[in-house]
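Q: Each chain is listed here by its residues.
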Amino acid sequence: MKKGKKFSFMSLSLAMTVLLAACGSGGSDASNNTGESGTTPDNEAPPAEVEELTPEEGAMLTIWDGGDQKGFVEQAAAAFEEKYGVKVSYTELGADKAMTQMVTDGPAGVGADIFAGVHDQIGQGVTAGVIMPNDWFEEDIRARNSELAVNALTYEDILYGYPKSVETTAVFYNKDLIDAVPANWDEIKEFAATFNDTKANKFAIMWDVGNGYSSYPFFGGYGAYVFGNDGTDPTDIGLNSEQGVEAAAFLQSLKELMPLKSSDINGDIRKSLFTSGKLAMNISGPWDVGSLKEGVTNLGVGVYPALPNGDPMKPFSGVKSYFVNAYTKYPNAAKLFADFITNAENQMKNFEMTGALPSNTEAAGSDAVKNDEIASAFLAQFENSIPMPSIPAMAQLWSPMEAALSDLWNNGKDPKAVMDNVVEQMKSNIQTGS
Amino acid sequence: MSTGKPQSAGASHARNGTILSALFMGLGQFYHRQWVKGVIFMLAEVISIYLIIAQFGANLWGLVTLGDTPSRMEKVGRLYQNVPGDHSIFMMIYGLAALIYIVLFVLFYIGNIRDARAVGQLRDEGKEAPSFRDTTRHLLDKGFPYLLLSLPTIGVLFFTILPIMFMILMAFTNYSAPDHIPPKNLVDWVGFETFKSLFTLKAWSKTFYGVLTWTIIWAVVATVTTYFGGILVALLIQQHGIRFKTMWRTIFILPYAIPQFISLLIMKNILNSQFGPINQYLGMLGLGQVPWLNDPFMAKVTVILVNMWIGIPVSMILVLGVLTAIPKDLYEAAEVDGASGFQKFRNITMPFVLFQTAPILIMQFAGNINNFNVIFLLTGGAPANGDYAFAGSTDLLVTWLYKLTLDNQRYNFASAIGILIFLIIASFSIYNYRRSRSFKEEDMIQ
Numbered sequence: 001m002k003k004g005k006k007f008s009f010m011s012l013s014l015a016m017t018v019l020l021a022a023c024g025s026g027g028s029d030a031s032n033n034t035g036e037s038g039t040t041p042d043n044e045a046p047p048a049e050v051e052e053l054t055p056e057e058g059a060m061l062t063i064w065d066g067g068d069q070k071g072f073v074e075q076a077a078a079a080f081e082e083k084y085g086v087k088v089s090y091t092e093l094g095a096d097k098a099m100t101q102m103v104t105d106g107p108a109g110v111g112a113d114i115f116a117g118v119h120d121q122i123g124q125g126v127t128a129g130v131i132m133p134n135d136w137f138e139e140d141i142r143a144r145n146s147e148l149a150v151n152a153l154t155y156e157d158i159l160y161g162y163p164k165s166v167e168t169t170a171v172f173y174n175k176d177l178i179d180a181v182p183a184n185w186d187e188i189k190e191f192a193a194t195f196n197d198t199k200a201n202k203f204a205i206m207w208d209v210g211n212g213y214s215s216y217p218f219f220g221g222y223g224a225y226v227f228g229n230d231g232t233d234p235t236d237i238g239l240n241s242e243q244g245v246e247a248a249a250f251l252q253s254l255k256e257l258m259p260l261k262s263s264d265i266n267g268d269i270r271k272s273l274f275t276s277g278k279l280a281m282n283i284s285g286p287w288d289v290g291s292l293k294e295g296v297t298n299l300g301v302g303v304y305p306a307l308p309n310g311d312p313m314k315p316f317s318g319v320k321s322y323f324v325n326a327y328t329k330y331p332n333a334a335k336l337f338a339d340f341i342t343n344a345e346n347q348m349k350n351f352e353m354t355g356a357l358p359s360n361t362e363a364a365g366s367d368a369v370k371n372d373e374i375a376s377a378f379l380a381q382f383e384n385s386i387p388m389p390s391i392p393a394m395a396q397l398w399s400p401m402e403a404a405l406s407d408l409w410n411n412g413k414d415p416k417a418v419m420d421n422v423v424e425q426m427k428s429n430i431q432t433g434s
Numbered sequence: 001m002s003t004g005k006p007q008s009a010g011a012s013h014a015r016n017g018t019i020l021s022a023l024f025m026g027l028g029q030f031y032h033r034q035w036v037k038g039v040i041f042m043l044a045e046v047i048s049i050y051l052i053i054a055q056f057g058a059n060l061w062g063l064v065t066l067g068d069t070p071s072r073m074e075k076v077g078r079l080y081q082n083v084p085g086d087h088s089i090f091m092m093i094y095g096l097a098a099l100i101y102i103v104l105f106v107l108f109y110i111g112n113i114r115d116a117r118a119v120g121q122l123r124d125e126g127k128e129a130p131s132f133r134d135t136t137r138h139l140l141d142k143g144f145p146y147l148l149l150s151l152p153t154i155g156v157l158f159f160t161i162l163p164i165m166f167m168i169l170m171a172f173t174n175y176s177a178p179d180h181i182p183p184k185n186l187v188d189w190v191g192f193e194t195f196k197s198l199f200t201l202k203a204w205s206k207t208f209y210g211v212l213t214w215t216i217i218w219a220v221v222a223t224v225t226t227y228f229g230g231i232l233v234a235l236l237i238q239q240h241g242i243r244f245k246t247m248w249r250t251i252f253i254l255p256y257a258i259p260q261f262i263s264l265l266i267m268k269n270i271l272n273s274q275f276g277p278i279n280q281y282l283g284m285l286g287l288g289q290v291p292w293l294n295d296p297f298m299a300k301v302t303v304i305l306v307n308m309w310i311g312i313p314v315s316m317i318l319v320l321g322v323l324t325a326i327p328k329d330l331y332e333a334a335e336v337d338g339a340s341g342f343q344k345f346r347n348i349t350m351p352f353v354l355f356q357t358a359p360i361l362i363m364q365f366a367g368n369i370n371n372f373n374v375i376f377l378l379t380g381g382a383p384a385n386g387d388y389a390f391a392g393s394t395d396l397l398v399t400w401l402y403k404l405t406l407d408n409q410r411y412n413f414a415s416a417i418g419i420l421i422f423l424i425i426a427s428f429s430i431y432n433y434r435r436s437r438s439f440k441e442e443d444m445i446q
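As they're listed, the protein sequences go chains A and B. Going by UniProt numbering, the letters in the first sequence line up with residues 1 to 434, in that order. Going by UniProt numbering, the letters in the second sequence line up with residues 1 to 446, in that order.
Careful, some of the hints might be misleading.
Dumping the calculated DSSO-like pairs for lysine-lysine here, alpha-carbon to alpha-carbon at most 30 Å [claimed, not checked]:
#1 A:Lys-427 / B:Lys-206
#2 B:Lys-75 / A:Lys-83
#3 A:Lys-87 / B:Lys-75
#4 A:Lys-202 / A:Lys-189
#5 B:Lys-300 / A:Lys-97
#6 B:Lys-206 / A:Lys-413
#7 B:Lys-268 / A:Lys-271
#8 B:Lys-245 / B:Lys-328
#9 A:Lys-271 / B:Lys-300
#10 B:Lys-328 / A:Lys-416
#11 A:Lys-202 / A:Lys-413
No lab work stands behind these hints: they were computed from the structure. All values reported here derive from a predicted model rather than from experimental measurement.
Produce the complete structure using the sequences and hints provided.
A: Given below as structure tokens:
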């Protein structure tokens with residue numbers, strides 16, 4: 001009797017369990033369907049013959065961009081809303097992080113509709129399928145932006161993104177402490193001999209030596225390269241070439257100028273030393289113009305000094321761009337906004353507000369930009385820069401490079417061994433990723 | 001029909017019920033004239049068969065193949081469109097859900113057969129088959145806890161077991177950036193390839209063994225230092241003749257009361273070896289600079305020191321509580337016997353404290369293996385290490401895992417490491433717990 005009841009109640013509770021489970025997985029089937037349609041934008045795109053791109057009904061856009069761009073993006077969003085009636089909300093996520101975030105968030109349907117990025121991440125984004133090609137405005141964008149910017153945003157013959165600004169690094173200097181950026185490193189060493197005082201934290205020149213982007217000008221200047229000569233060959237890494245080792249050795253020899261550990265130097269410390277008059281030259285990019293102008297009354301910007309062999313240094317350059325999320329629910333509205341916020345007028349606004357260098361030829365050629373000492377110095381350096389490679393393997397450069405710079409600078413290791421190790425690490429990381 | 005005859009003729013009830021139920025759920029119950037139960041069972045089978053044919057077949061197929069058509073961009077006129085394809089990761093999840101459902105269904109089917117047989121046996125013994133009302137009453141009465149538990153069980157299955165299975169399975173795929181991120185690309189099963197790379201590829205194995213060694217050293221040292229530091233501080237505060245006990249307690253608990261997000265980031269700046277105040281003061285005293293976070297070895301020492309600063313208050317509070325629970329007469333008796341202060345500490349205080357806190361010690365150890373905050377906020381894994389792939393000198397397995405997933409999207413490697421971390425923590429914890437006296441002598445203190 002007891003046994004029978006035990007079985008019957010057990011099986012009844014199991015019955016309920018299964019029925020509930022049926023409901024439960026019924027629910028997950030439903031979410032399966034909605035999930036798929038959610039990740040696939042309803043392609044109500046206008047047929048080819050439609051002449052005008054109009055935003056979708058009830059479109060709401062989100063944009064990711066860095067904190068320094070907040071004011072600029074918000075004013076552009078307000079103007080866009082007035083023109084098209086589409087609301088755009090801003091979320092802070094810098095151009096350096098947005099692409100990685102989008103690779104996870106985009107397909108899941110929670111990414112921004114438009115996000116800022118730098119052209120070197122295109123390969124990564126395209127391989128992950130999160131960037132929508134620039135189709136509707138392609139010719140227009142090509143016509144009104146600098147060739148270099150457009151080429152940087154072209155990957156395997158397709159144009160991605162809407163260029164907003166170009167950037168590279170150059171030497172900020174405090175005119176109260178030094179008249180101009182010296183022409184070569186010997187002169188910098190002479191100046192440092194009179195200026196440096198490590199105990200009082202006074203330094204002639206400083207840059208984020210541990211950062212691959214900031215220390216690349218030495219390698220670029222000596223003629224080392226990352227991925228082949230045009231930056232597209234992941235099997236040809238030229239960082240441990242004769243030139244690369246020479247660059248590493250020279251970089252190492254500069255420690256007398258900056259007798260610090262690489263990890264003790266960061267952007268905040270450079271900024272605070274520079275604005276308090278303890279640092280004469282601070283190597284950074286246009287993104288720092290706004291905040292440095294506030295702190296230093298006589299701010300100047302000059303191109304990099306020449307290397308001992310007489311060659312100029314060649315920093316990496318990047319083209320900042322807005323990308324449209326391939327999974328956006330409102331592709332038309334997103335494209336319209338990306339185009340709107342990168343037009344000549346808005347690029348000028350961005351230049352005025354944050355010092356971002358226009359990629360738009362009309363804006364770059366305007367008197368306001370030409371007469372701006374700082375902007376023209378950056379544009380001069382831009383002429384002599386190397387656009388970062390944009391293949392997916394590019395993502396594997398930074399962390400081995402950081403470790404190598406730390407080995408060179410902090411531990412004084414042999415340049416040849418260090419550079420061989422970088423190449424080996426990168427190759428191994430590229431290999432396990434594919 | 002044949003009631004009251006405990007004969008061989010009746011023995012067929014059990015057999016008939018079993019066979020009928022095995023043929024189709026609920027048939028055996030109908031045979032026993034348990035109509036309601038039979039209908040429920042039959043309904044369950046009909047629904048399940050429908051679901052399996054209509055939906056789960058495809059889901060299981062997805063779990064096995066992980067999809068065959070990637071999504072792509074296609075140009076229509078002037079505009080690109082996203083043509084959806086198979087999303088390997090979603091397919092894996094739905095496949096797992098289907099699998100769990102099918103396992104449940106099989107279990108239920110077995111339950112149904114056993115139920116029919118048991119009722120048949122009852123009838124063979126000449127008793128009435130329990131009516132639906134009997135069953136319900138029994139269910140609500142004796143089976144009530146099971147009934148209540150069935151709901152959370154479903155929740156646990158789909159929200160705990162399923163994600164864990166999903167994470168484990170990920171280690172056996174090639175789900176990683178840049179070439180295998182769905183839906184643009186498909187993910188494939190690769191078996192033990194990831195584990196093989198982790199152990200044999202030079203860059204990965206070097207990182208793995210290096211980080212693993214440091215993780216274990218860190219977990220042991222961090223646990224021991226904070227634990228004994230806490231005991232020491234608590235004993236000092238509890239000493240006879242110490243004044244302002246509350247003040248001391250407050251001062252020592254402060255580091256724990258400040259959110260680590262703030263205190264550790266401040267610590268990082270304080271420990272900057274050129275511009276940080278500590279080295280500035282050392283310089284003023286004519287002492288050299290200490291490379292707190294710059295030298296791989298010093299950085300490890302520094303994180304342990306900073307961790308003591310954060311971790312000692314917790315142990316202190318714990319031990320203060322235990323100390324008040326030790327019967328005073330034990331000490332009085334010891335005094336009568338002429339025990340020294342150290343003897344009292346060794347033979348009374350320590351056994352008590354150890355006994356009470358041993359399980360927590362094990363938890364702290366397990367927690368320290370995964371102590372993400374201290375490492376991530378204080379050093380971020382720095383100083384960089386040229387021999388490691390995606391990790392720095394002070395990275396623990398868990399911060400390495402973070403870098404692999406969030407910064408580099410190497411989900412397969414991260415998942416493999418996650419499995420290994422689990423194995424390490426589980427085995428250490430079980431071993432330690434079984435050896436601890438709290439486990440062996442559960443009744444020492446009542």
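Q: Could you run down the list of hints and mark each one as holding or not?
A: Here's how the hints hold up against the structure:
1. A:Lys-427 / B:Lys-206: Answer holds: Lys-427 of chain A to Lys-206 of chain B is near 15 Å, not above 30 Å.
2. B:Lys-75 / A:Lys-83: holds, 28 Å
3. A:Lys-87 / B:Lys-75: With a Cα-Cα distance of about 28 Å, the restraint between Lys-87 of chain A and Lys-75 of chain B holds, given a limit of 30 Å.
4. A:Lys-202 / A:Lys-189: holds, 14 Å
5. B:Lys-300 / A:Lys-97: Judged against 30 Å, a Cα distance of about 28 Å means the pair holds.
6. B:Lys-206 / A:Lys-413: holds, 19 Å
7. B:Lys-268 / A:Lys-271: holds, 18 Å
8. B:Lys-245 / B:Lys-328: Roughly 19 Å between the alpha carbons, so the hint for Lys-245 of chain B and Lys-328 of chain B holds.
9. A:Lys-271 / B:Lys-300: holds, 29 Å
10. B:Lys-328 / A:Lys-416: Roughly 70 Å between the alpha carbons, so the hint for Lys-328 of chain B and Lys-416 of chain A is violated.
11. A:Lys-202 / A:Lys-413: holds, 26 Å
In summary, the one numbered hint that this structure violates is 10.
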